[in-house]
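Student: Heads up: the sequence lines are chains V and B, in that order. Each residue of the first sequence is one higher than the one before, counting from 1 in my numbering. Each residue of the second sequence is one higher than the one before, counting from 1 in my numbering.
Since the hints were derived computationally from the structure, they do not count as laboratory data. Be careful, since some hints might not be right.
Said to hold, decoys possible - In silico EDC-like cross-links for lysine to aspartate or glutamate, where the CA-CA straight-line distance does not exceed 16 Å:
no. : chain 1 : residue 1 : chain 2 : residue 2
1   : B       : LYS35     : B       : GLU466
2   : V       : LYS418    : V       : GLU535
3   : V       : LYS509    : V       : GLU535
4   : B       : LYS425    : V       : GLU221
5   : V       : LYS126    : V       : ASP40
6   : V       : LYS484    : V       : ASP312
7   : B       : LYS383    : V       : GLU372
8   : V       : LYS123    : B       : ASP456
9   : B       : LYS383    : V       : ASP40
10  : V       : LYS202    : B       : GLU104
11  : B       : LYS367    : B       : GLU109
12  : V       : LYS202    : V       : GLU221
13  : B       : LYS383    : B       : ASP456
14  : B       : LYS35     : B       : GLU104
15  : V       : LYS123    : V       : GLU41
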Amino acid sequence: MDTSIAQNWLQFHSLSSFPLLTLLCGMPLGFALLALAIPDEQTWAHKAWSFVGSLATLVVALVVLGGFDRNAVGFQIVDDYAWIPNFGARWTLGVDGLSLPLVLLTALLMPIIFAGAWSAIDKRWKEFSIAMLILETGMLGSLLAVDLLSFYVFWEIMLVPMYLIVGIWGGKDRIYATVKFFIYTMFGSLLMLVAILWLYQKSGGSFALAQLADLHLSDKEQTWLFAAFALAFLIKVPVFPFHTWLPDAHTEAPTPGSVVLAGVMLKLGTYGLLRFAIPLFPSAMGKFSPLLMALAVIGIVFGALMAYVQTDVKRLVAYSSVSHLGFVMMGIVIFNEEALQGAILQGVNHGISTGALFLLVGYVYERRHTREIAQFGGIAAKMPVYAAFFVFVTMSSIALPLTNGFVGEFLIFAGSFKEGVQAVIAPVAEAGRWRNTVLVGGGIASLGIVLGAVYMLSMVRRVFFGQITVPANQALRDLTWREKSIMASLCVFILWIGVYPASWLNLSKTTVHAMVEAHRPAILQVRAPLDYKHEALRHAHADQ
Amino acid sequence: MLHDLALISPQLILLVAALFTLVADPFLPTDMSRKFWGLFGAGMSALAIVACAALWKFGPYEMHTPAFSYHLSASGHALFFTALVSMCAMITHLSSPQYLVEQESHYGEYYALLHFATFGMAIMVSAESLLTLFIGLEIMSMSIYVLVAFKRTSQASVEAGMKYFIMGSVASAFLLYGIAFLFGLSGGTSFIEIQRALLSPKPGQDLWLGLAVVLTGGAFLFKMAAVPLHMWTPDVYEGAPTPITGFMSSAVKAAAFGSFLKFLYAGLSGPALASLHLPIGEVLGVFAVLTMTVGNILALTQRSIKRMLAYSAVAHAGYLLLGTIATIDDPTLGGPFLAPTGAVPFYLVGYALASLAGFAALASLGKDGEELTTEGHLAGLSKRHSIAALALTVSVLSLAGVPPTLGFFGKLQILRDVLAVDNGKYLPHVIILVLNSVVSAYYYLKVPVAMYMRPDTKLDRQYVREPTLTWAMALPALALLALGIMPGRAMTWAIRSEQAIRAGSESANIAHSYAVVKGGGHAAGVALAKPEEPAVLPTR
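Turn these sequences into a full structure, and let the hints guide you.
Tutor: Below is the structure:
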């Protein structure tokens, strides 16, 4: 296959005359800077200001959506300026079908997070809104950056506000959790920085993604550089065994922190793999595929089992994230169109459902100041609306058909069985190790879906149904109008994606197709040489 | 003569400021003195910066213009570093008055000494001969010894001054002894004479040259606070008045590295050093790795933030030494010569700004002769003194190398340039640096953790907020962020400062013409930086 066509999806499709994407990621920062001028004690002003800021960002994101051509391959609406001439670093922002769903998710979640924070955050609103807005700039920037140096800068910018959010507004062990989070993430990303610089030297002084993807690297280089990139991203996802920071950070973080962490930041790990690690080092990806597959499957089962034994609802949801992200990872490792579509969509789904779960856990925590499952039981009688929302979101989390979770997981499994099914049809020896790995892995992973239902439903039963045993629960109030409208807006998306996923899938369809065209042969060539020949033959056949 | 004086106008401004302060102070009433000298000092330092900028921009002096018969020069290198140390002095002048009043040690001589120290540094980095370099070093050192011991009533301060004085004198003696050997070998003290004499190695000179390198190198390592000559650092940094600690960790380090680069590349570089077969890169690499690792590990356990930052200063000397490796170009051509990548000067800018902001913030905490700079004292500071807390946070984030601060780009450039040497020969060093950064993040994080996340210690005090001190912490912190977003300009200046050294180095020019004849290339770092070298030999 001609490489220039294959790499098309990393090229610029359309430049923008107006720096729209710079505006998009600069918008929250601008609001944060202006928030400095509002006096500390005017909490209401800060609440309103940050909410307005995130809404304004959402509007810009919708403008971006409006200008987005979903049938085009390559980066669109690109801003490309010289940034640090001595370094050959450029300020390049672009959006394509891979980043757009996550950009929209980020922009959608932020107003919800701010609205949800009105009661969850009870002190130092000025610092909170500034940190949160800077965090949004970091997240949007990481999603939009096409130049590796600016990506890295945004990637690290996310770190400090999150560290402050967990550390200042978090729970009892917040300092331990936040320092652990910071050090873990920084460790991974600094090794990635060395790898970036190595590529930079190789290319003769460029950080541009398309240029770096064209480099010819030896096998050894590919392996090590991929390892350095992947480590940074796997820690962020987090994939077992790099997940240990996550339960701590999630549990200690305040509700808005957990939502943003689960909703967006974890997705940046999977996004980074897809955007950078795989295009830059496809054959190393092929080499690591079995290992990553194994880690993803272990993550799914391990996360589910750990979630099952938790006594703290929030910790349970945190471990469920490990499990859910395992599915996303599986889709990425399989790397065919169905699985990738599923992985991207499941990233969005997880952001919505887990974000909603964290918000729901936060609501009850604000009322009772505990999250122990044993402290509840039967509260559906006192909080019927709350219980209804909770059950609905649970259904999405365990992937009931007609909710968003089902679509994503279905696509991932469809992709993986397509990949592995040859092992059943053909004699096992001929099918090759990779297909067997996929088949066995997929089989175990589907067990994870069952486990997901087990831990979520048993938690719901213990919390909501039966008799009220703890007297304090008698006085629980149901959701306020603000809380209801927040949940309702999230549930709209759960249903929308569940019933009519095409509107979301179409955003990334063309890009995913181009990605698979571009990188699947190189991946397959390493991890399943027989299949590679087979597919190449079929392609040749189709061309005739 | 007049022309020569114009060339050293920045130094003259500093000298005039020092003398004027010394003479005029007795005539000023105390409260006037407290208000006036800080602002005056800052103004004169700013004037020196302006003079540097004017010479840089309008003079033909950008590259290399010797003055006073090859004793001083107004090269791009000299101007860059003079401006850098003057900037450090400016911030220190602003941060000092309130601190000194709180510590009951306010005397006008302090400002005079600060000017003298800056003047000494400016001479040191503009020196074209070893004697001028030594004189500059001594002017600086003498002033700093006194400044360290300036809180006469504090035992720690006096002890620190004494320690620094004794150890510093030994280091100076080493340097002088090394200079003597070089003089013996070359019959001159100016860099150009030394280079000329060393161009054709004489039989039997290796021993003496080796001794000279070891002795002078030791003296520079001492001033940089590099392991194993770092022992003085924690005690001196902790005992000294806080603004002086900031001044030492920024300006003294800058002057030490600036004059080291000049000495290494304008004085020693060339065939003679190559004939020693001394693997300079590897040797510097060992010192660098040792310095950063020891500094960071010792910093981990410190309770006093001032002491912690002292050890972190040691660690940063290690990063800078590693950056120095990247400047070694092409030993095959009879080098080592300077590859003007600008990593070290650029890193120094970020490091100096971060130190200044951090120590200025720490200087604002003291009261009634107490400094109150332990981790416990910082608890809840963000509520009591939000500007100091913010400045200190930006400072430690920059020291840790977190974007978008200038410290990140400094580290990035060092990493990039060191990786470029010999196709990644120093990859292990780079990885060690990165791991060190992770370790350092752990202790740097203690500072924001204490200030923002720990409950207030109920110190229940009102801070005096002199605007001068507030600016002293706010200005460098803002500069860290602004330059962290747009670092391009500062990078260009740093590269030009190193190009100036190369342009002024005679043997490098000769080798350059060799290279042109032979069609040989330079190391990757040079090719990236695209130096514009005037192939003109300086003549006497």
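Student: Confirm or reject each hint.
Tutor: To see whether the hints hold, each was checked on the structure:
This hinted pair checks out: LYS35 of chain B and GLU466 of chain B have alpha carbons roughly 10 Å apart, not beyond 16 Å. Of the supplied pair hints, the one linking LYS418 of chain V and GLU535 of chain V holds, its CA atoms being roughly 13 Å apart against a limit of 16 Å. Proposed proximity of LYS509 of chain V and GLU535 of chain V is contradicted: the alpha carbons are some 21 Å apart, above 16 Å. A distance of roughly 14 Å separates the Cα atoms of LYS425 of chain B and GLU221 of chain V; the hinted pair therefore holds under the 16 Å criterion.
A hinted pair counts as satisfied when its Cα atoms are at most 16 Å apart, and LYS126 of chain V with ASP40 of chain V qualifies at roughly 6 Å. The hinted pair formed by LYS484 of chain V and ASP312 of chain V fails the criterion: a straight-line CA distance of about 24 Å is larger than 16 Å. Taking the CA atoms of LYS383 of chain B and GLU372 of chain V, the gap is near 33 Å; set against the 16 Å cutoff, the hint is violated. Restraint check for LYS123 of chain V and ASP456 of chain B: satisfied, since their Cα atoms lie roughly 14 Å apart, inside the 16 Å limit.
A distance of roughly 11 Å separates the Cα atoms of LYS383 of chain B and ASP40 of chain V; the hinted pair therefore holds under the 16 Å criterion. With a C-alpha separation of about 58 Å, the suggested pairing of LYS202 of chain V with GLU104 of chain B is violated against the 16 Å cut-off. A C-alpha spacing of about 22 Å is found between LYS367 of chain B and GLU109 of chain B, which places the hinted pair above 16 Å, so the restraint is violated. For the given pair, LYS202 of chain V sits about 11 Å from GLU221 of chain V by alpha-carbon distance, which is consistent with the 16 Å threshold.
Between LYS383 of chain B and ASP456 of chain B the CA atoms are separated by roughly 8 Å; this keeps the pair inside 16 Å, and the hint holds. Between LYS35 of chain B and GLU104 of chain B the CA atoms are separated by roughly 15 Å; this keeps the pair inside 16 Å, and the hint holds. Annotation: proposed proximity of LYS123 of chain V to GLU41 of chain V holds, straight-line Cα distance about 10 Å (limit 16 Å).
Violated hints for the displayed structure, listed by number in ascending order: 3, 6, 7, 10 and 11.
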